[in-house]
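> One letter stands for each residue in the lines below.
There are 6 protein chains.
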Amino acid sequence: MTSRADGRALDQLRPVRITRNWLDHAEGSVLVEFGATRVLVAASVTEGVPRWRKGSGLGWVTAEYAMLPRATHDRSGRESVKGKIGGRTHEISRLIGRSLRAVIDYKALGENTIVLDCDVLQADGGTRTAAITGASVALADAVSWLRERNALAGEPLKDSVAAVSVGIVGGTPMLDLCYTEDSGADVDLNVVMTGSGKFVEIQGTAEADPFDRDLLNQLLDLGVTGCAELTGIQQVALSASDQ
Amino acid sequence: MTSRADGRALDQLRPVRITRNWLDHAEGSVLVEFGATRVLVAASVTEGVPRWRKGSGLGWVTAEYAMLPRATHDRSGRESVKGKIGGRTHEISRLIGRSLRAVIDYKALGENTIVLDCDVLQADGGTRTAAITGASVALADAVSWLRERNALAGEPLKDSVAAVSVGIVGGTPMLDLCYTEDSGADVDLNVVMTGSGKFVEIQGTAEADPFDRDLLNQLLDLGVTGCAELTGIQQVALSASDQ
Amino acid sequence: MTSRADGRALDQLRPVRITRNWLDHAEGSVLVEFGATRVLVAASVTEGVPRWRKGSGLGWVTAEYAMLPRATHDRSGRESVKGKIGGRTHEISRLIGRSLRAVIDYKALGENTIVLDCDVLQADGGTRTAAITGASVALADAVSWLRERNALAGEPLKDSVAAVSVGIVGGTPMLDLCYTEDSGADVDLNVVMTGSGKFVEIQGTAEADPFDRDLLNQLLDLGVTGCAELTGIQQVALSASDQ
Amino acid sequence: MTSRADGRALDQLRPVRITRNWLDHAEGSVLVEFGATRVLVAASVTEGVPRWRKGSGLGWVTAEYAMLPRATHDRSGRESVKGKIGGRTHEISRLIGRSLRAVIDYKALGENTIVLDCDVLQADGGTRTAAITGASVALADAVSWLRERNALAGEPLKDSVAAVSVGIVGGTPMLDLCYTEDSGADVDLNVVMTGSGKFVEIQGTAEADPFDRDLLNQLLDLGVTGCAELTGIQQVALSASDQ
Amino acid sequence: MTSRADGRALDQLRPVRITRNWLDHAEGSVLVEFGATRVLVAASVTEGVPRWRKGSGLGWVTAEYAMLPRATHDRSGRESVKGKIGGRTHEISRLIGRSLRAVIDYKALGENTIVLDCDVLQADGGTRTAAITGASVALADAVSWLRERNALAGEPLKDSVAAVSVGIVGGTPMLDLCYTEDSGADVDLNVVMTGSGKFVEIQGTAEADPFDRDLLNQLLDLGVTGCAELTGIQQVALSASDQ
Amino acid sequence: MTSRADGRALDQLRPVRITRNWLDHAEGSVLVEFGATRVLVAASVTEGVPRWRKGSGLGWVTAEYAMLPRATHDRSGRESVKGKIGGRTHEISRLIGRSLRAVIDYKALGENTIVLDCDVLQADGGTRTAAITGASVALADAVSWLRERNALAGEPLKDSVAAVSVGIVGGTPMLDLCYTEDSGADVDLNVVMTGSGKFVEIQGTAEADPFDRDLLNQLLDLGVTGCAELTGIQQVALSASDQ
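Protein chains in written order, with UniProt numbering: chain C, 1 to 243; chain B, 1 to 243; chain X, 1 to 243; chain R, 1 to 243; chain G, 1 to 243; chain Z, 1 to 243.
FYI, nobody ran anything at the bench for these hints, they're computed from the structure.
A hint or two may mislead.
Here are the computed distance ranges between Cβ atoms for each label pair [said to hold, decoys possible]: (1) B:A5 <-> X:G154: 36 to 44 Å; (2) R:V236 <-> G:G154: 52 to 60 Å; (3) R:A240 <-> G:G154: 57 to 65 Å; (4) C:P50 <-> G:D214: 29 to 37 Å; (5) X:S183 <-> R:S56: 43 to 51 Å; (6) B:P50 <-> X:P50: 57 to 65 Å; (7) X:G154 <-> B:S239: 39 to 47 Å; (8) X:G57 <-> G:Q235: 50 to 58 Å; (9) X:P50 <-> C:G55: 51 to 59 Å; (10) G:A5 <-> Z:R51: 54 to 62 Å; (11) C:R53 <-> X:S183: 36 to 44 Å; (12) R:G184 <-> X:W52: 36 to 44 Å; (13) X:P50 <-> Z:G7: 32 to 40 Å.
To give an idea of the interface, some chain R residues facing chain G are shown, with a C-beta separation under 10 Å as derived from the structure [unchecked claim]: (14) G83; (15) K84; (16) E91; (17) A102; (18) V161; (19) D182; (20) G184; (21) V187; (22) L189; (23) L220.
Here the structure is a predicted model, which is why all the values come from computation and not from measurement.
Don't be surprised by glycine CBs; every beta carbon is placed ideally from N, CA and C.
Only chain C is shown next, with the shape it has when bound in the complex (with noise of 0.2 Å):
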């Protein structure tokens, strides 16, 4: 049996930490950490859509994806000093977008935008699972805040999304890898899943051996477990209420 550097079952997630309002300005903000991760998320509020949308009643929600030039083992260059959005970091910004769009009711929302900066502090494994995980709370939080000023015109929240990573190491389907996991992978699939258990994205990689579908069904079915117990984490935090 594979035993993983940290001791954890194969079908176990990180500690995961959600903390709320880590921000004074932002109209929701979370904190949240998947083992040694951290990423940083704001949900901005703004009045009005972007120029192709106005006019139309419907909102919008978009997110950037970004990491600290230091989060990582080696420290890599700013992508504002190169004067370009690499392509990963541009790949990851549209899969947060996509996801979070999917739970929302564009015409509830109203005619707001709400950005979603997901800055990643410390990277070891699983940012941009996170980045989502924690991106959809700090959404909710943004969406009360609109309710409270009695500026939605409806619920536009129609779920929650939780995300999670799985991968193939060593032969071996395992739930949330870390860094050294991820980068050993033969497989990694990432799984992003609305509260009540529907798919909402699945990118699956061949990062070295190409898989069969039974593979496949294994790494799904982790996936889909581990979301679940994403989502508990979720609403718990939520429901804390003097945050």
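Go by the hints and put chains B, X, R, G and Z onto chain C.
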């Protein structure tokens, strides 16, 4: 029963054409057509590898994807004029590169680099899957070019790759979406598979409605069938001797 | 007597092919071939004009030129990846735009804009002259498209334009240089003329040896002949009814 | 007598907290808080120096400053997305770098480079002074890291540096301005001093009203007091053994 | 006693020349020389203000600083070619803008914008102080231009500004450093003052050795003297009638 | 008969002034004036050549052209601020470089590089032709600088170059157009010639009306005369001994 705009069956590919050696200079080149979608793929071989890989004895394969401004129904601005590459372009370039690398034995390739340029001349849905399917053929031709010059350290092509999009349109799963189907799809799944029938990439997105495991399975079934058929078309194209 | 690489006479054009309607979406489109040089031209019509021209009642015509990375013998990097457009690209885009504008009656065009995208799929010398020659045909088709929709204020096409390169290679003046001739030329002259035989642009450069008035006149003679022949080919292409 | 928004005395610092080792990977790291201003400083050590300094036997220290988009009351766009760094960011990055270099003995540092990344997580005035004050501590930890590995040629830290803002608000000089005070100040002065009480940088700006020598002297007095107090807080932080 | 390279006294300015109306088109223009340092300042007036200020009734003044590539001893690359503006350029542009705005009454200026372009034709130390000193004169001419056209809402120039560098070289405080003095200075202080003798900006940097309060006071004394003298030179230049 | 705005004859140049050694640092420098057009040219010599030319024994000459923001009647934005170089700037920089390279013997220059920076201080038509004419003189001075240091492998200057604009304004051919003439011209032709009377570049553009062979010949006649006169002025400037 749902009828498709062009009268195709739900599990039927559009007419696929693979024209090899469309260019005079490139070591491998393919004009690949999935219906009205037309992608020109050029494989460029250079001796040597990027700096971070020098002296490793390993080769490298990468890809760049782009669209001509008027490939689409309305003209879109050039990324060179804007001075930056958009997120979608980045995302697809990375997907194509990963897909091809999954079937490459770097050691057998030796310290050679192959770049696959995939330029969409006309877009009607499925440009990324057409690009991957065509690039696999152009890659094979580029590898043959190296083989003829005794520039390989072994046989670098472990397999072929083919890709197809599947989706749920109006509640019905269907194969190889054209643009009008794709833009109205509830779920969109791109499947990349090896010639031997294993998964290389799976990217499924709930554009509008999150989906359940059963629908996912139906989509995967369609994708498996489509990729197998494309693999056959690739083999026919490559077996044509005098191109 | 100098013999040319491909056996052509000194005053002979390469085989020229103009294929109209190569694209489904563009209001005008042409695949133009001067021997192995292949340029795809798309004419895009949009209602309205740039901001600085609004309310003037005048239309606008502009052009963008670019090369696919593997159009050339060795792959060249993408300008979108570099994040900036090179001097050569700028220069040729401007030349094409000026050449077409010389035969346009802005008032008759009304407040419409036509953009000519000229993308070189394969380069073997004379890409700018092929682009101008093809763009004149694509422009005519775009104007017809507007005419059929009663969107013109008159007849905007005052004439056609065609272009050809001439040069002195090994001391001998010759017409329509291919790449190997061009790269070894002492003098290189691009001539752009109207269908009625007047000059629109003349750009002559002593790549190596400054030249005298007599040689200039010989080059101009060749250019005049070549442009007249190209005008004829354009007329044949445009008279084909059912394209 | 002027009362301050938060009840502080005119010459009183906000509560200052310096948390060392906030990150796992960085050779030195500090979360520094001046009231609600929160800056994460990471010191990254790399062997070797920039090219222009190679072979000199001298080390190098530099800094980069940035703000998260929602550090401020209203969200500001990312500089990586804009594709360029703004003037304010440039100015502050340079100030931090110069300030730290003033207390470094390059020869003793040997050919090592230390980069100080100062990322503002939350901004409430004084972000640059908090950054410098925290960076001095992170730098000390990075130097210790090198010392433990016997990678130094001597003792590179000649002194510490601390920084504080002072200003004239409503006609009254005061220490360590928070955002509301800063944005209404007539004069704004940033003072950077060594632990031994010498000036490293003085930057005074008449935001609205030019000021006379007497007011300047009062501001300098306040700055000297504030920096001395900050030096004490730095020493306490560094003396804590097991962080 | 320290003797200076050019034989000047320690408190002596280099020969200063202010040539008004050096350009034909600009509403105000000055070629300002501090010894061999030569800066061309052009003041451009436009009706209207930036978008964020529209409808406020207030004017705007801003500045841009740049150096020609061969202003310096060795050629430096153009920022336009690099595609980005360096930190030093940003920092100085901002300093010049702030300095001039300190003497402007926005209300009296009305909704007009004045841009001060300060281009260094030749650099020999003190380019930013020469630029500020010259820009104050060009600004006065641009204001006169507006006054003559009755385009002002009052008298916008509350005062003039002048600037000078002072520094400690070889232990000795001295005024108006030339390049060789500046590059060897221990401390470098730029002082910007109004014509009536108040401070607008003070920027002091310990390039090598942190400095004490006493030295700071000596430097300030020198700066005050230098600015007063420059104010006199500005007044003479502006009183010349027929320029 | 057409009278010109400034009373000049149709074949008369504006007053031309060439001031050598306008800069202290550059190896060659010229302030060249064609009437109110004023261009500062600096020639910078560096040992060595660009990487692609190393070890060839051949030298290199290149040029960069730019305009100060307020060289023109209305202020135009800086290309460094925009972050990219415009097409016109690119085009003219390339023209100047090609023109000078036509009279350079690379072998005799040895592995040295000369960069010609041509910065337009004031523009009144003909900036590119003034730049070429001035650059030829600055290049000669830079070559002399190398000769005095015995850093040449022979005599690299095979000839001089001069340039002038000619055009058809109101139906009349005229020499050396100023801005108002140029902006109303039907045809605009720039002629670059060697001192010995051969053509280096010819660039003719029908801004409004295509032109015939006869008019072209009249324009060429004017250009030949103008260039010969400019060659004489260059020779006088270079023969002045003590500059």
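> Taking the hints in turn, state whether each one holds.
Hint check results:
1. B:A5 <-> X:G154: 36 to 44 Å: Since B:A5 and X:G154 have Cβ atoms about 39 Å apart, the given range 36 to 44 Å holds.
2. R:V236 <-> G:G154: 52 to 60 Å: 55 Å Cβ-Cβ, so the 52 to 60 Å window holds.
3. R:A240 <-> G:G154: 57 to 65 Å: holds, 60 Å
4. C:P50 <-> G:D214: 29 to 37 Å: About 58 Å separates the Cβ atoms of C:P50 and G:D214, which means 29 to 37 Å is violated.
5. X:S183 <-> R:S56: 43 to 51 Å: Given a distance of about 45 Å, which is inside 43 to 51 Å, the answer is holds.
6. B:P50 <-> X:P50: 57 to 65 Å: violated, 41 Å
7. X:G154 <-> B:S239: 39 to 47 Å: The hint (39 to 47 Å, Cβ to Cβ) is violated, given that X:G154 and B:S239 are roughly 57 Å apart.
8. X:G57 <-> G:Q235: 50 to 58 Å: holds, 53 Å
9. X:P50 <-> C:G55: 51 to 59 Å: violated, 24 Å
10. G:A5 <-> Z:R51: 54 to 62 Å: violated, 38 Å
11. C:R53 <-> X:S183: 36 to 44 Å: Roughly 52 Å apart at Cβ, these two residues miss the hinted range, so it is violated.
12. R:G184 <-> X:W52: 36 to 44 Å: Given a distance of about 41 Å, which is inside 36 to 44 Å, the answer is holds.
13. X:P50 <-> Z:G7: 32 to 40 Å: holds, 38 Å
14. G83: Holds. Min distance 9 Å.
15. K84: With a minimum Cβ separation of about 6 Å from chain G (threshold 10 Å), the hint on R:K84 holds.
16. E91: holds, 5 Å
17. A102: holds, 5 Å
18. V161: This hint holds: R:V161 lies near chain G, its Cβ roughly 9 Å from the closest one there, short of 10 Å.
19. D182: violated, 15 Å
20. G184: violated, 16 Å
21. V187: holds, 8 Å
22. L189: Constraint on R:L189 satisfied, holds at 8 Å.
23. L220: holds, 7 Å
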